[in-house]
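Here is how the chains run, residue by residue.
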Amino acid sequence: MQDICSYALELGQNRSSYVEVKAERALSNEFALKNGKPETSGFDSIYGLSVRVLVDGALGFASTNDLKRDNIKSVVEDACKMAKLASKLIKKPIVFSEEEKHSGAKYEVKSRTAFDDVSAEEKLGLLKSVNKSIPKDVKLAGNLMQLSDTLKEKYYMNSEGSSISAIIPNISFFGFFTVVESGDSAQAMLEKGASKGWEAIDEWDLENYVSGEMSTLKNVLKEGRKPPSGKMDVLCGPEVTGIASHESCGHPYEADRILGREAAQAGESFVSLDMMGTRIGSEGVTLVDDPTLENSYGFYLYDDEGVKARKRYLIKDGMINDLLHNRETAGQLGLKSNGSARCNNYDREPIVRMANTYVEAGDWDRDEVIEDTKRGVLINSFTEWNIDDRRYNQKYVSREAYYIEDGEIKHPVKKAVLELTTPKFWSSVDAIAKDISFFAGNCGKGEPMQGIPVLMGGPTMRLRDISMGVAV
Amino acid sequence: MNTEEVVQKCLDHGADDVICSWAGSRKKQIRFANNEITASKIWDSHVMRLFVSKDKRVVYTSLRDMDNFDFAIDKIFKLANVLEPKEEYYGIAGDSYSYADSQEGEIDMVEEDVIDEVFSIADDYRAAGVLYNIFSRDEISTSSGINEKDEGSALEISVRMFADKMSSGHSVSCARRKSDFKPGEACQEARDIAKMSLNPKTGTEGKYDVLLSPLCMGNLIDHIAFQTSAFYVDSGLSFFKDKIGENVANDMVNLYDDGTRKDGLGSSKYDDEGVPSKKNALIEEGVLKTYLHNTSTAKKYGVETTANAGIIAPEPTNLVLEAGDHNFDEMISELGNGIYVTNCWYTRFQNYSTGDFSTIPRDGIFLVEDGELSDPIKEIRISDNMQRLLKNISALGNDTRHIHWWEAETPCFTPHVMIKDVNITRSTG
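Residue numbers (the working numbering), protein chains in the order written: chain D, -6 to 465; chain F, 25 to 453.
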């Protein structure tokens, strides 16, 4: 990998003011079970290279998986030619922020049990075991489960002297379940993900996780009542805190959205540069994005522009504190990158992305928050969700929710709807518990679409005096 | 090694069914925002896909690492020897077919000239978007004797114009031939919508008759068509389950999947099994006629393949919602009082098997009052049920557009569509 990257870098240096080269080799395995029966199994094998250059203030990018020297030469020429042509229309040259170089940096996430050391029978057997664990009294109208593992090796070089190699294993579980009960149905999309080896499977205890979720869904369908209406407190469980952190804090704090670079696709942001240091949430709300969480689904130590990763405080005690930057957005604003450039494969440009986004724990016990609530709804998990392209109006519909009265959980409720503006959501928080946990997801952004692994999480939070939305 | 030789190699290893395809493409993209080019890209991509079955044990792989070919063959057969049989596997296409001609070859275009035109039309507005010029070649060989090649090209622009932060319009132009590509018209349309949407007021929740633009319908039809795939029907991810032959939409609705359209971005000579592309009625006069099938899912359902392989999951090619006879002004007039939505995004289902969902209008949204376009509005959400929406379609435009963009992944031909009694919600605080 180093050889082909060096070759491409040398070719590009003669024709551009900046060049970076990235090579990637990956092997992914996938097993699936549909309605308890084995589906087609498979694997993907990737080895490719991309080149990104700056020529006269314009950005060019080219990639290939034909790694013969002649073709690599063509790819470098293509990137430089595209940039040169674009430079004729550029009014304001693109400038990357100046960053520390990291020469010969290496990191590897070691697997305790390598994916190759686990047989196909065992991998498929795990899904069958999960399927078997679903309680007999839960009626399923369909289920689809997938187990994927990937071992990815990356090599990065740039013309400023950085060279970084990384080896990262990645494992994920995805399940989609339709539970039928008492003439009604509900669906759950369950995900797990980590940057570690097969040992993740033991930690996830998928049988218990899935069977528990299925029993819960059945119970909500059987015992759930219409959600109460009017104003009340809403307790967001960690999964709901997590999705809100990602959707209405992580995304609007991406500097490329704020600067308009994603305007035609994922959109822009209600956050503007002059809002830095202003209040967006209640005191006590501190929200971070941290790629360095060991073995996390969004883990990395150097981003895809060779910048060292670090924890970012997006909101500190309710105040807008930091944005997510790559070298392009930081350069535009005269700042340093905070290592947020990610791409999902060798053939995609690095853009501003989240990694693991969460609300920091508070000092309440979860039970204390419930006991302190006179009338409210606890929303533990969600199904339908979305948010507008300025990240201002969000909606979460409950999968598992309960009515609380006089400090006690009374009964499950179906389809509790939270439909709020972002400032209202975060400024209504008045109690934050200690029970932090994380949930895996794949975040979509960029064109072509780059689905990228992330974690979302936080503790149980209480939002005061919320008008509930109305279910369909 | 060509695809035919790969198939033979797999047969020599004891495979029963083999499909090998090779696809190569050269794709150019120019991204722009704030009336500046933000990145210019070229992808040179080659991928070999290989499907093998042995005693109903099925393995599928995609290789973008050709140095790993021998390793891949070895791995396929190791897997095929230890996996359990797939009960619902019924084989691959086996007939000899005749095919249509390939579409036109590579399109010569100076992409920067198009971008120059975009910026010129934008003038004092902000333009953001993406331009593609794509050329792709592929070939397929199967153990049942299919050996065929195809090639094709496409031009696409997706452009969003901003009059200010809160006022924008979006449009696209998609074509297989340069003469059909109208980037200037798309830019002008996006700019016109942005201008009309200046100073929007916050919308109000309630039941409204709505008119949805082709861009908006492209997004919704993509979600609807996904649910006609037999794979997702079987997985519990479709409200069309057990509804073949039933009324699922208003009588005026005719929805086709048509992989044969010369002008469709999703067209090709054959599907992923080598079956010649077809035109299939998914919904005819409101009645659900078929699911999307490959050979194996079709045999399970006792029908013919619809030529929509997707070897694992059947998938749509070009979706065509048949036009009606109303022009735009007539539809606005007939709407009387309601809302006109020019675009939407982030469509998410609460429950695929019931169709409960919501989607968020974006770009220009307008009140319609007394049969005329009125004030722009903002910050509303369509929160409803897709089955109800299909049945409440009340008029179809005669203004079909070819839609494909970031939020409408399957190419689609659709006119404006009017729907009665749509539930609109908004943030409660």
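Derived by calculation from the structure, the hints in this document are not laboratory data.
Heads up, some of the hints might be wrong.
Calculated lysine-lysine pairs in the DSSO-like style (CA-CA distance at most 30 Å, straight line) [as the list claims (entries may be wrong)]: (1) 231/F / 417/D; (2) 80/F / 265/F; (3) 219/D / 313/F; (4) 81/D / 265/F; (5) 323/F / 303/F; (6) 231/F / 224/D; (7) 66/D / 51/F; (8) 219/F / 84/D; (9) 84/D / 80/F; (10) 121/D / 224/D; (11) 415/F / 121/D; (12) 202/F / 77/D; (13) 132/D / 313/F; (14) 129/D / 99/F; (15) 444/F / 30/D; (16) 323/F / 116/D; (17) 74/D / 51/F; (18) 303/F / 132/D; (19) 30/D / 265/F; (20) 85/D / 102/F; (21) 103/D / 304/D; (22) 132/D / 202/F; (23) 211/D / 267/F; (24) 52/F / 85/D; (25) 125/D / 99/F; (26) 444/F / 407/D; (27) 173/F / 66/D; (28) 189/F / 85/D; (29) 103/D / 324/F; (30) 84/D / 313/F; (31) 189/F / 84/D.
For each hint, the structure was consulted:
In summary, the hint linking residue 231/F to residue 417/D is supported, as the alpha carbons are separated by about 25 Å, within the 30 Å threshold. A threshold of 30 Å between alpha carbons decides the hint, and for residue 80/F with residue 265/F the separation of about 26 Å falls inside it, so the pair holds. For the proposed pair residue 219/D and residue 313/F, the alpha carbon gap of about 36 Å is over 30 Å, so the pair is violated. For the hint pairing residue 81/D with residue 265/F, the CA-to-CA distance comes to about 55 Å; that exceeds 30 Å, so the pair is violated.
A distance of roughly 19 Å separates the Cα atoms of residue 323/F and residue 303/F; the hinted pair therefore holds under the 30 Å criterion. Only pairs whose Cα atoms come within 30 Å are accepted, and residue 231/F paired with residue 224/D is accepted, the gap being roughly 23 Å. Straight-line distance between C-alpha atoms of residue 66/D and residue 51/F comes to about 17 Å, which keeps the hinted pair within the 30 Å bound. Restraint check for residue 219/F and residue 84/D: the C-alpha separation of about 25 Å stays at or below 30 Å, so the hint holds.
For the given pair, residue 84/D sits about 60 Å from residue 80/F by alpha-carbon distance, which is inconsistent with the 30 Å threshold. With a C-alpha separation of about 45 Å, the suggested pair residue 121/D and residue 224/D falls outside the 30 Å cut-off, and the hint is violated. Straight-line distance between C-alpha atoms of residue 415/F and residue 121/D comes to about 40 Å, which puts the hinted pair past the 30 Å bound. For the given pair, residue 202/F sits about 24 Å from residue 77/D by alpha-carbon distance, which is consistent with the 30 Å threshold.
Distance restraint check for residue 132/D and residue 313/F: the Cα-Cα separation of roughly 28 Å lies within the 30 Å cut-off, and the hinted pair is therefore satisfied. With a C-alpha separation of about 36 Å, the suggested pair residue 129/D and residue 99/F falls outside the 30 Å cut-off, and the hint is violated. As the CA atoms of residue 444/F and residue 30/D are separated by approximately 42 Å, the hinted pair breaks the 30 Å bound. About 29 Å separates the Cα atoms of residue 323/F and residue 116/D, which keeps this hinted pair within 30 Å; it holds.
Only pairs whose Cα atoms come within 30 Å are accepted, and residue 74/D paired with residue 51/F is accepted, the gap being roughly 15 Å. For the suggested pair residue 303/F and residue 132/D, the alpha carbons sit about 37 Å apart, so the restraint of at most 30 Å is broken. Simply put, residue 30/D and residue 265/F have alpha-carbon atoms about 19 Å apart, close enough for the 30 Å limit, and the pair holds. Of the pairs offered as hints, the one joining residue 85/D and residue 102/F is violated, with about 56 Å between alpha carbons and a cut-off of 30 Å exceeded.
Taking the CA atoms of residue 103/D and residue 304/D, the gap is about 22 Å. The hint holds against a cut of 30 Å. A C-alpha spacing of about 54 Å is found between residue 132/D and residue 202/F, which places the hinted pair above 30 Å, so the restraint is violated. Between residue 211/D and residue 267/F the CA atoms are separated by roughly 25 Å; this keeps the pair inside 30 Å, and the hint holds. For the suggested pair residue 52/F and residue 85/D, the alpha carbons sit about 23 Å apart, so the restraint of at most 30 Å is met.
At most 30 Å may separate the alpha-carbon atoms for a hinted pair to count; residue 125/D and residue 99/F meet this at roughly 28 Å. At roughly 27 Å between alpha-carbon atoms, residue 444/F and residue 407/D fall within 30 Å of each other, so this suggested pair holds. Simply put, residue 173/F and residue 66/D have alpha-carbon atoms about 28 Å apart, close enough for the 30 Å limit, and the pair holds. The suggested pairing of residue 189/F with residue 85/D holds, with an alpha-carbon distance near 21 Å, which does not exceed 30 Å.
Taking the CA atoms of residue 103/D and residue 324/F, the gap is about 44 Å. The hint is violated against a cut of 30 Å. Under the criterion of a C-alpha separation no larger than 30 Å, the hint pairing residue 84/D with residue 313/F is inconsistent with the structure, at around 54 Å. Distance check on the hinted pair: residue 189/F and residue 84/D sit about 21 Å apart at the alpha-carbon level, within 30 Å; holds.
Checked against the numbered hints listed earlier, the structure breaks hints 3, 4, 9, 10, 11, 14, 15, 18, 20, 22, 29 and 30; every other hint is satisfied.
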